[in-house]
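K.L.:
One letter stands for each residue in the lines below.
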Amino acid sequence: MKAVCWYGKGDVRVETVPEPKILNPRDAIIKVTLSAICGSDVHLYNGCIPTMHAGDILGHECMGEVVEVGSAVHNLRPGDRVVVPFTIACGQCFFCQRELWALCDNSNPNACMAEKVYGYSGSGLFGYSHMYGGYAGGQAEYVRIPFADVGPLKIPHGLHDEQVLFLSDIFPTGYMAAENCSIQRGDTVAVWGCGPVGQFAIRSAYMLGADHVIAIDRIPERLQMARTQHQATVLDYQDVDVSDALQDLTGGRGPDACIDAVGMEAHGTSIDALYDRAKMAMFLATDRLHALRQAIHACRKGGIVSIPGVYGGLLDKVPVGTAFAKGLTLKMGQTHVHKYLRPLLTRIEQGEIDPAFVITHHLRLEEAPYGYEIFRDKKDKCIKIVLWP
Amino acid sequence: MAQHATTLPEQQPTRAARHPRNVSKLERGLSLIGGAALVLYGLRRSLGNLSLMLGGGALIYRGLTGYCAAYQALGVNTVYRDTGHGIALRATITVNKPAAEVYRFWRHLENHPRFMRHLESVVSTNGKRSHWVAKALLPAPIEWDADIIAERENALLSWRSLPGADVDNAGTVRFRELPNSRGTEVRVRLEYAPPGGIVGVAVANLFRSLTEQQLKEDLRRFKQIIETGETPTADHPKVSQGVSR
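Sequence lines, in order, name chains A and B.
Numbering-wise, this note's numbering puts 346 at position 346 of the first sequence, and it's gapless, one number per residue.
Heads up: take any position in the second sequence, counting from 1, add 389, and you land on this note's numbering.
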């Protein structure tokens, strides 16, 4: 079968690889009908995530048709159409039973690697390094789904792939980011990053009762999407001082909650952003966190900073003193996708949202290398790419 | 951290001697010599020195029996320092199931090769005795018989190898159910003392790879099987036929 394989920084190739097989009783194999390139795949593409091996199959947003199930999978049968959560979860451990699906104790076969770095390991992830399990990803014609009796969500007739694909990651990720803000009626929420997760965070903040969402980015088409799709107020950080602008827009009080939907590879124009860039270029740092610093600085007293953006290592010059002085709450982590699948599917079915709005490019799987390039470089007004095999 | 075992605690015969041995052969010899010297020295003194003679007597007793009350009180045991190879490993994990279920899975010794990577097979020969075969790198298998020497249902299990084992080993596992359905804590202590000689080399090669990290991985597999019925794997296809883009 064809699959998108990682070979190093800036090097992904479409290769012919053996088709996956059922390895465990709770496995299923799906024939992928649609997959996507995620912003966090760009971290892999940029070589920012350790423990990737040449030839690893990428992709953690996918859906498809069940073609084979293991002996212990009774809720799925060949022919079912499913969306697959990017986090792999067993459903039976201490964490799954507390709805902390992305922290599943049993799905990462390489947990000892993550434990060395983080103390404890999160769940296994599709196509996201060996530290997260070394699972083959879904940017392929077929993919093996472990714990298939727990994860995949069956999709009812009448919804097309583009409407439901993003239940696999970015819609729940944006939604959880907004939910973590504990939004009260009348709240103002500021969102750094208007990429796909940022877009869903903006929409979700409105769904959860925010009165006003302010979106911050520098890419014109992304700001425009935030404005036209969600009626957010937008700020181009190249044109304005973000902190001043946020203070002004909130009558001097500051946003009630701030969402950092940027993560470890933030861009910025200030001194600290240049400092991060220089350090990262010299391999002295793992993450650039300009957006996070700004979010902590801008947030109102007693507010919440929610971090769906991915961070991987040690963060330099995090203004913890600022967070402490203002009594902030910081919430973060991989998305507990399983928890959100059904509620968000319902919102899609009821027409509250059509997640397909974020798609700008439909490419064939073979065109994935081109897709990674334009997505990384934000060329051709690229916001979200879906791949069909 | 792996540490040199001060003892294989269940080694001591239970009925043969009133007290378990806890003094090494070398020390026992030195105790005998020293004790005899003290007694003789005490006898030679005109008044006879009771304290010297008592002390000498105690040393002789220690040398003859191999038991030292002071060592016992201090928790010291030098018997198995003789080989210099006694190793103790510890690991702990919490399994998200009631103690009865966790205990039952462990007590069914035939399950052990499913999660202990260094084992080939275990067969229970009767209620207390079992035959263990390790995955050997040499043609000759490494095997031993073991007895369960302590058992408290849903709480504790201790076993040790019988004399004549290719590798002298012992272990204890404790189970503690946590309140509020938080699962069961499983604490394992495993000890082994590879013998010398050619067999010893083979055994050492096998057991050298058994580290505390691996014991932890064994326990993780134990937990995964009980909780999920399987152990996760990501054995994924590698590129086979060149580039086809």
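For the record, the hints were derived by calculation from the structure and aren't laboratory data.
Bear in mind that the values here come from a model prediction, so they are computed numbers and not experimental data.
There could be a bad hint or two in this list.
To be verified - FRET-style restraints, in silico, Cβ to Cβ: (1) A:Gly327 / B:Arg565: 44 to 52 Å; (2) A:Gln231 / B:Arg565: 36 to 44 Å; (3) B:Arg518 / A:Thr33: 53 to 61 Å; (4) B:Arg493 / A:Cys112: 26 to 34 Å; (5) A:Cys112 / B:Arg576: 14 to 22 Å; (6) B:Arg565 / A:Ser243: 49 to 57 Å; (7) B:Thr620 / A:His74: 19 to 27 Å; (8) A:Asp11 / B:Arg565: 46 to 54 Å.
Ideal placement from N, C-alpha and C gives every residue a C-beta, glycine not left out.
K.L.:
Next, verify each hint and record whether it holds.
P.N.:
Hints versus structure:
The hinted window of 44 to 52 Å between Gly327 of chain A and Arg565 of chain B is violated, with their beta carbons roughly 39 Å apart. For the hinted restraint 36 to 44 Å between Gln231 of chain A and Arg565 of chain B, the CB-CB distance of approximately 56 Å leaves it violated. Distance hint check for Arg518 of chain B and Thr33 of chain A: the Cβ-Cβ separation is about 57 Å, which falls inside the suggested range of 53 to 61 Å. At about 27 Å, the beta-carbon gap between Arg493 of chain B and Cys112 of chain A stays in the expected band of 26 to 34 Å.
Between Cys112 of chain A and Arg576 of chain B the beta carbon distance is about 19 Å. The supplied range of 14 to 22 Å therefore holds. Separated by about 52 Å at the C-beta atoms, Arg565 of chain B and Ser243 of chain A satisfy the suggested range of 49 to 57 Å. Between Thr620 of chain B and His74 of chain A the beta carbon distance is about 20 Å. The supplied range of 19 to 27 Å therefore holds. Distance hint for Asp11 of chain A and Arg565 of chain B: a CB-CB separation of about 51 Å, consistent with the stated range 46 to 54 Å.
Comparing the model with each earlier hint shows violations of hints 1, 2; every other hint is respected.
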